[in-house]
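Protein chains in written order, with our numbering: chain A, 1 to 160; chain B, 1001 to 1160; chain C, 2001 to 2160; chain D, 3001 to 3160.
Each hint should be verified, as a subset may be incorrect.
Claimed, not checked - With a straight-line cut-off of 25 Å between C-alpha atoms, the simulated DSS-like cross-links for lysine-lysine are:
| no. | chain 1 | residue 1 | chain 2 | residue 2 |
| --- | --- | --- | --- | --- |
| 1 | D | Lys3090 | D | Lys3154 |
| 2 | A | Lys154 | A | Lys114 |
| 3 | C | Lys2114 | D | Lys3114 |
| 4 | A | Lys154 | A | Lys90 |
| 5 | C | Lys2154 | C | Lys2114 |
| 6 | C | Lys2090 | C | Lys2151 |
| 7 | A | Lys114 | B | Lys1114 |
| 8 | B | Lys1090 | B | Lys1151 |
| 9 | D | Lys3090 | D | Lys3151 |
| 10 | C | Lys2114 | C | Lys2151 |
| 11 | D | Lys3114 | B | Lys1114 |
| 12 | D | Lys3154 | D | Lys3114 |
| 13 | B | Lys1099 | B | Lys1154 |
| 14 | A | Lys114 | D | Lys3114 |
| 15 | C | Lys2090 | C | Lys2154 |
| 16 | C | Lys2114 | B | Lys1114 |
| 17 | B | Lys1114 | B | Lys1154 |
| 18 | A | Lys114 | C | Lys2154 |
It should be emphasised that the hints constitute simulated quantities derived from the structure, not laboratory data.
Remember, it's a predicted structure, so these values are computed and weren't measured experimentally.
Here's the letter readout for the chains.
Protein chains: 4
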Amino acid sequence: MTMLILTTGGTLDKIHDTYTEGLVFGENSHMEELLRIGRSFMPRIENLMRLDSLDMTDNDREHILQAVLVAPETQIVITHGTGTMEQTAKFLSGRIGDKTVILTGSMRPFSLGKSDAGFNIGGAVIAAQTMPSGVYGVMNGRIFEASELRKDVKAGRFDG
Amino acid sequence: MTMLILTTGGTLDKIHDTYTEGLVFGENSHMEELLRIGRSFMPRIENLMRLDSLDMTDNDREHILQAVLVAPETQIVITHGTGTMEQTAKFLSGRIGDKTVILTGSMRPFSLGKSDAGFNIGGAVIAAQTMPSGVYGVMNGRIFEASELRKDVKAGRFDG
Amino acid sequence: MTMLILTTGGTLDKIHDTYTEGLVFGENSHMEELLRIGRSFMPRIENLMRLDSLDMTDNDREHILQAVLVAPETQIVITHGTGTMEQTAKFLSGRIGDKTVILTGSMRPFSLGKSDAGFNIGGAVIAAQTMPSGVYGVMNGRIFEASELRKDVKAGRFDG
Amino acid sequence: MTMLILTTGGTLDKIHDTYTEGLVFGENSHMEELLRIGRSFMPRIENLMRLDSLDMTDNDREHILQAVLVAPETQIVITHGTGTMEQTAKFLSGRIGDKTVILTGSMRPFSLGKSDAGFNIGGAVIAAQTMPSGVYGVMNGRIFEASELRKDVKAGRFDG
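So here's chain A without its partners, still in its complex pose:
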């Protein structure tokens, strides 16, 4: 097995809670179901944390970095909330050795249907196999270097 998918939470993995009427994290990540629907080969999946990325601290980022460093795989996809994807990319950049790390996520939860999650993960999985070592973001069908990853909060896009 040559690829690892680390899940950290973010919108992608939220579900609708009928009790509070809000979006919350469920018991489990949807990554395996998403990959099965995509009929993907099955990378190793490690569910690291379930955080809204606005709540993510540098402590959490250190935890992600360690998970990247200890992984035997060199192709690593990290699912991440879009709110601070940029900060985490910059945090990891230059510290991950000879690995290719792709951050991605979605603007609409996978569990709500009509989500961008499948399209983004499909792209991230390919980018992890084709990009040279380094840290990148894959969103909106585009690949961004860590230093160029920037969310237009109003438009909800990274390719503005």
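We have chain A already, so just place chains B, C and D on it with the hints.
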């Protein structure tokens, strides 16, 4: 605009017909809707034909080749039935000049939900930007050279 | 428990088969999942047969009649292909004693999404509780007596 | 036309907002799309208000009552948030003359998929045609008189 998506039909674009109870091609390709759900940047889309790939002839493949050659874009994604994706890849291989051509499709129609279409197109769009010139297939989260593209008909997979 | 749902097959319970590219019956009926999504109270479910209704014979109809007669429940919903729903309704009519039997089905399989199955079953479950004893069809938001149940094959509707 | 559907908001008509990450009301009710998917005959639809039912005042209820009274139709379905469906049912009860009024809604928004909305509306449309004049709620596959309509907030059900 640097990317072109050519649609040729295939399972990806089929719809359920309540009258015949079978799967048929609708009036339009679902490519634009799929890209909007993926929140993708919008490549140029050219709907070239609507064929079950088992019905595709070398005449049709010549037509696809010409569309690739006259396109101003150098990054080209072709949606295609999985049944003869291999033949079309080999037909195009070595004739498309300095372009990157990615064939992809899906095993379950986009219009039926829970389809692999979004995941595959997401990967193909990234591959078209990252692979050197040549002809490739993207299926099951993997990239295959034209010469190595082979469908395991029984399993419905290319990564067997 | 006062209600029984008998499933007999029909479009409602078909699934897409990636191998043959056609619609086939899966291992199981989708009735329980459909009712769970509808957050319905749970009637007893009996999966009697899995038939395209065009293949249904009077032998099969006799089998359905017996299942209705031996059931301890007096409110009975039968899922059925739309093609011969009319024949089965007329076959059962006048033979089911003091019970309320509602036939329903769908034009688009439940498993393909955007199906009329949930709407129709929701209506049938209510009709089974509110209609006097007799045999009826519920389709298109309407209730039809057995003698008036007639599919407009071209339009795919019963309320033409 | 003999049936009217009044929409008042509630969870049924909420959508996911990618900007705030919460559930909000969109521009339009989803009622027509829901009925088209159900292949229903098309009642008249009047979009009266777009309220979370917890924000509904007796002023709003008076507004609903007037809409019921002036309607030429005698079969009326009202979509309503589940939080105060009981209060509105009791408010209307005894004041609506010779009409049949069915309140319904859903616990999961229609726009999120896998919603109970289609099942509930399917049931409400049938109840409006089969119940005698009066005010009722249809949820969980059951019909409740106004005086017996009671939400178990914790379970999110009315049939507890």
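Worksheet item: Any hints this thing doesn't respect? Which numbers, in order?
Response: Of the numbered hints given earlier, those the structure breaks are 13, 18, listed in rising order.
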